[in-house]
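**Q** Sequence lines, in order, name chains A and B.
If you read the first sequence in our numbering, its first letter stands for residue 53, the second for the next number, and so on.
If you read the second sequence in our numbering, its first letter stands for residue 673, the second for the next number, and so on.
Each hint should be verified, as a subset may be incorrect.
[Claimed, not checked] Quick partial rundown of chain A residues pointing at chain B, CB under 8 Å, derived from the structure: (1) 67; (2) 69; (3) 71; (4) 73; (5) 75; (6) 76; (7) 80; (8) 82; (9) 84; (10) 85; (11) 87.
[Claimed, not checked] Listing some non-contacts, in silico: residues in chain A with all C-beta distances to chain B over 10 Å: (12) 58; (13) 94; (14) 95.
The set of hints was computed from the structure by calculation and includes no laboratory data.
Since this is a predicted model, take the numbers as computed values, not measurements.
Ideal Cβ positions, reconstructed from N, Cα and C, are used throughout, including at glycine.
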Amino acid sequence: METIDTTARPAIGGGFRLQWEPAQEAHVLLYPEGMVKLNQSAAAILTRCDGVRTVAEIVADLERTYTLAGLAADVCTFIAFAVERTWLELRQ
Amino acid sequence: MSDPLSGPLARPGHAAPGPPLWLLLELTYRCPLHCVFCYNPTDFGNIGRELETAEWLRVLEEARALGSVQLGLSGGEPLVRDDLETIVAAAHRLGFYTNLITSGVGLTEPRLQALQEGGLDHIQLSFQDSTRRMNDFLSSTRTFELKSQVAALIKKYRYPMVLNVVLHRLNIDHVEEILQMAERMGAEYVELANTQYYGWAWRNREQLMPSRDQLRRAEEVTARFRERIGARMRIFFVVPDYFETRPKPCMSGLGRVFLGIAPDGIALPCQAARMLPGLTFPSVREASLRSIWYESAAFNHYRGEEWMREPCRSCPERGRDFGGCRCQAYLLTGDPANTDPVCDLSPHHHLVTEAVGRAERRQTPLPSEQPLVFRDHRNGKGTQA
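Sequences and hints are given; from them, build the entire structure.
**A** Here you go:
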C-alpha cells in the first residue's frame, strides 16, 4: 500500500458514484453492476473527497467536526485502501 | 421508507425482505441477433405488447422510491427502443446507476453521445466469439465488424470497455483468441461467462455443453493470460454450474435483491422465472411496484425457507445457496421446489452428471446430430421451455 501525500487532493474515481440512500440509511458507493454500503467513518471521509480539498485539509475538517485528534494515520490508511480499489483518485 | 415488519409480511419464520436494490428492465424482446444461447423465453413471439415510455418512467420512479439503485437496461436489444435515451436520462435524474447491456447493434455515435449526455454510467458489450465467422454464425447475423466499431466508439467516449462473451462447446476452444481480441480493443474487464441453460440455451443444451477437457483447457489459458496481463485487464471466468457439486446462490435468493420487469410489464424475481408453474406474476400495469415486491404471492413464494424440501430443508448450507436455482430445478426435475440438481446431495444430481457425460462422449465439437435452434421470430412462436 502506498503512503499518502497529504498535499494530494483525493476525488471519487471515474465510474464511481457516492450517494445517500434513504432506504438503506447509509451512504453507498455505486460502480458498474455493484454497490458498497459504507460505514459512517468511510462515508465521513469519502464525502469530503471532492478533488479540491487536500488530505491534510480533510483530516483537519474531520478532527474539527468530530472533536477528535490524531486522525491523520487512520484517514491516510483508509484513503490508500480506497485508492487501491480505485474508489478514489489522487490529484495534485 | 416505512417499516416492512409492520406490514403484511410480518408472518412467522419469514424475514422481511430488503429493498429491490437491483432493477433490470428488459425493455424489449426484439433483437437483431438470434443467439442460440439466449436465456429469453422461447415463446417470446407470443408475449404481449411492450410497455410505453410513460409506463417505464413510472416503473423507474416507483422502484427508486423503494430503494433500487442499480439499473440494468437489457432485452432483447435495448437499442431497438428509440426511447432508450429518454429512459436513461430519467433514470439518471432519479439517482440510478445506469448500466446498458447491449450487443452494440444500433449504437451509433449520435445515440451514444445522447446517452452519455443523459447520464449513462456504464456499457457492457457482448461478443459471441473472437472470429467473424463464429460470431456471425452463433448470432445468425453479420455483426462482427459492427461490434468492433462500437467497441472503438465506447473507448472514444471514455467508458470502461467491458466485454461479455458467452462460452460454450462451439467457442470455448477460442478463449485465447477471445482474450487477445479483448486486449487489442483495450478492454478493462472481460467476463467469460459459460452458458447457463435456460430459454434458447436449454433448447440447444446438448450442442452447447462443453466437455470437461475443453473447460480445463479454457481455465488454464485464462490463468496464463491473467498472469501476463496483470491489473490492466480483469478477467472473470464463470464456471458452468453443471460441472459443480454445489448450486449457485441464484439471484442471491428469489425476491431478496433483484426485481426484473419483462417487456410486457410482468414483474419477475429472476429473468427466467416466467417459466415457473403455479405462480401468477403480477404486471406493473395492474399493481404498484411496492405491492408487487412486498405483498404479491409470486414474490413471497420462494422467500424464506418454508418452501424448501429435503435435502435443502435441513442443510447447513441452505442460507448460503438458498437451494440453488428454482428454474433449473423445474427444467430438470419438473418441480421448482426441489433442490437444484447441480447439488450432489440432490437425489436428481444424476440428471446433471448424465448431461455432462453425454458431452464427454461426443467426439466432435461441432453440432452434428440435431440442428441448433436460432432465437428468431419464427422459432419464437414455438413451445415454452
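**Q** Run the structure past the numbered hints and jot down the numbers of the failing ones, going up.
**A** none
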